[in-house]
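Peer 1: Once you have looked at the hints, place chain Y on chain S.
If you want the building blocks of each chain, they are given just below.
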Amino acid sequence: MAEELSVVGKRLPRPDAAEKVTGAARFVGDIKLPGLLIGKVLRSPHAHAKVLKVETGKAERLPGVKAVITSKDMPRKLFNAAFWNMCLADPEKAGEIQDQFIFDNKVRYIGDAVAAVAAVDEQTAEKALALIRVQYKPLPAAFTPEEAMKPQATRIHDFAEGNLCWPHVPFPFGAGEVEKDFAEADVIVEDTFYCSRQKHAQMELDACIASFDAGGRLTVWSPAQLMYLARRKMANFFDIPEGRIRWITPYTGGGFGGRLAFNAEPICIGLAKKAGQPVKLEYDRHEDFVAHDSRTPHKMDFKLGFKKDGTLSALKIKLLADAGAYLGQSGMTTAVCMAFGLGHYRCPNTAGEMTIVYTNTPPTGGMRGYGNPEAMWALEQLMDVAAEKLGLDPLDIRLRNYKKVGEPSALLLPIQSLALEQCVEAGAERIGWKEKRALTGNGMKRRGVGMATMTHCSGAAPLLLEHGNAALKLNEDGSVNLVVSPTEMGQGILGVLAQIAAEELGVRIEDVRVVLGDTDATRFDIGSHASRTTFVTGNAVLGAARQAKGKLLERAAPMLEASAEDLEVRDRRIYVKGSPDKAISVADVARDAIYNYQQNCGQITGECDWESKVVSPPGQACFAEVEVDTQSGEVQVLRLVLAHDIGRAINPTNVEGQIEGGAMQGFGYALCEDFVVDTRTGETLTDSFTAYRLPSFLDLPEIEGIMIEEPDPVGPYGAKSIGESSLVAVAPAIGNAIYHAVGVRIKDLPITAEKILKGLKQK
Amino acid sequence: MKKEIAEFLVNGRPYDVILEAHKTLLEVLRDRLDLTGTKYACGTGECGCCTVLIEGRPVLSCLTLAVTAKKKKITTIEGLANGGLHPLQKAFIDYGAVQCGFCTPGMILTAKTLLDETPQPTPEEVKFALAGNLCRCTGYVKIIQAVLAAAQAMKRGEK
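Top to bottom, those sequences are chains S and Y. With the numbering used here applied, the first sequence covers 1 to 763. With the numbering used here applied, the second sequence covers 1 to 159.
Chain S on its own, in the form it takes in the complex:
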């Protein structure tokens, strides 16, 4: 990184923005095909029932209805909706359970799919649904893990005794002797925390279009975050070779982990197959709430042992998770919760245990942060509890225990880079930590400051397949086509990858046209999740651009009467280092490579297949300042400062956008988002944005993102991840700030005025 960068690090407008501000950007729901039918799903009104009979005759006879499908029409194959887990070498060994049929002879939650129709228009499809007669035999149901684990509880899945999906699974990366150490610890803190079923609540609802062509080849349009893995899983399910499926993922209206598992896709493909016509299946917002997964809720028992000087010596975690009706990703997100819980503090003795339970409620799964916000909600509040017991400042107890570069990460590989201490320092200074911690209020409204920290991942190596690809070519005008496969779901990866390619090739961002989202045109990449695409796909792009740059300079060398090693390319011009006056344009060289009439053609291209084998966690410190009304219990968040260890910001505006957006999702997780299932009936009570309250403009506190740039040795231009991080530490920071303000510690999410008032009364 000796010379100054011209494209990387600049606040350049993202290439997809112009289409998005003019309404030209196309999402799945915007796509039309000749003869496109509209699909609708019939969902169960019962939380748990046997499906005795599904009569479809009347629906089938309704004019305009082209297909009605039930369990008879779908492969009778057990299935797990998460396609994410194709990243695991042996999903079953890692605990994946195939526990779901697409349409079963039993329904397991209110909203479970029973049948589906495809018709010429929406109205006809809805009429047809109403004509399907289903005979149910209701069964007793269980709506909480505690209820489901009772000996007399109903059995939700035949194989799962006691409704235990994963019973008492130990965390595989534990170390030392926890119990022995607890016996010798000077201070022990322990408590039980609860976290909630946060909804992804992405603005674009789930949608899928499936179309078989005359030769039987299937094209699917879907907002999957991992299109190649989605394709493989559907290929296996429908017994179609992968190459006979073209998967297209256009712009996606928000992901947040909500598109790591199938929603509309399997049913939509089933409908298109039966109808022999293309089908579009779009969820409505009610379906999104009742039938699309949400963050897995956990009961979390955390126990920490410390030496007198504040050194953490033992950490034990016990998690009880509610999978809902099907496992989906809830097992893995719980395992990852434990990994992050054992992540950023050095601790010689660690152990964990998790139990995943089925209930007759909507399936749960992974959401932005994937277990990390859950773990930090407990751990980072207990660090404050311990600090108080030990008479230490919350910053000092943390700084004493952070892992350092080279030490093993939660997944054992050494940490490549980490600037957590700088994050703490910068954030503390910006919020005015010393002065504000010293203040104690006694009025009706009291202010407090609190903080929490975390590390996350830049791709999930070595746990998962971390494989990305990039290819590019130079056109005769010097422009570049960059072909990659992550999903652009708002995070800005399209622009980030274009900036990396432009920097390396010495062209401008507007010269790079990114092609993505089509398995017929692009190469394999696992896709957009685990905060991986800048780090992993970015490295593939860098590799491809380096290869092309090598060819570009080789060809330019004789033209400039110099050797390739002495050449430099910058702002579309190639010249001998140190003498920029004598130059040749990138376009001239690129054109010569294509239209060479001296029989010396060879278009300038580059390709790179890159796999991450390292752990480069970003760190983040979140500081919160709150005001608590002791009469009403209301909390106002005045300010959030998030200092993030980004390695290098490829585009600072983008990074800030991820910090601010993540922070507001963390704010919602902390204070206002509450997914409620009626524990008497199993009905989802929060099935709209009125009932499930997302943060709005009116909630917005002052948010300040700080970027700490200490380049990572492996990341492209030193970059690490930002995608998921900023949601993670917000809730515990707010929790700690509330405790500082009024001395009340809230342990179950979300933090509400009622809970604070109750706490104030109990004091």
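The hints are simulated quantities; they were obtained by calculation from the structure and are not laboratory data. The reader is advised that the hints may include incorrect statements.
Quick partial rundown of chain S residues pointing at chain Y, CB under 8 Å, derived from the structure [claimed, not checked]: (1) G23; (2) A25; (3) P250; (4) Y251; (5) G254; (6) A562; (7) G657; (8) E660; (9) S696; (10) L698.
Glycine included, C-beta positions come from ideal geometry on N, C-alpha and C.
Peer 2: Then chain Y, alone, in the frame of chain S:
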């Protein structure tokens, strides 16, 4: 079912549409006129993604029966750029106020009404004007910055 031929004036252009009485304006715009920039995200008037302008005022097209909008001047996101991007569109690009882009059309059109009526709004006024538009990606910060910047650009006479 009763049908009529209804005339809609969208983005300065007349369209004749065979209209059933129950159709919403959102359905007419998206399904009949192919103006898919207007988005469906809740269908119950809670998110603001379907916002369009009728006679310059923001309405939720998912809750508006199309028959009530006949012959009125309708502006969708596709009609905002007039020989070049509107200052709000430019500012949304320049200030990073766009992420997934699904709320963006409704957000920009609501902001346009604000700037038409209050050319120099305070940040608080921006927040109140846009409070009915949800965004799950940006955390709102950059949207406010973009609207304020667009107001400045319009004051300088950039159209």
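Peer 1: Against each hint, give a clear statement of whether it holds in the structure.
Peer 2: Going down the list of hints, with the structure as the test:
| no. | hint | result |
| --- | --- | --- |
| 1 | G23 | 2 Å, holds |
| 2 | A25 | 5 Å, holds |
| 3 | P250 | 11 Å, violated |
| 4 | Y251 | 7 Å, holds |
| 5 | G254 | 5 Å, holds |
| 6 | A562 | 39 Å, violated |
| 7 | G657 | 5 Å, holds |
| 8 | E660 | 3 Å, holds |
| 9 | S696 | 5 Å, holds |
| 10 | L698 | 5 Å, holds |
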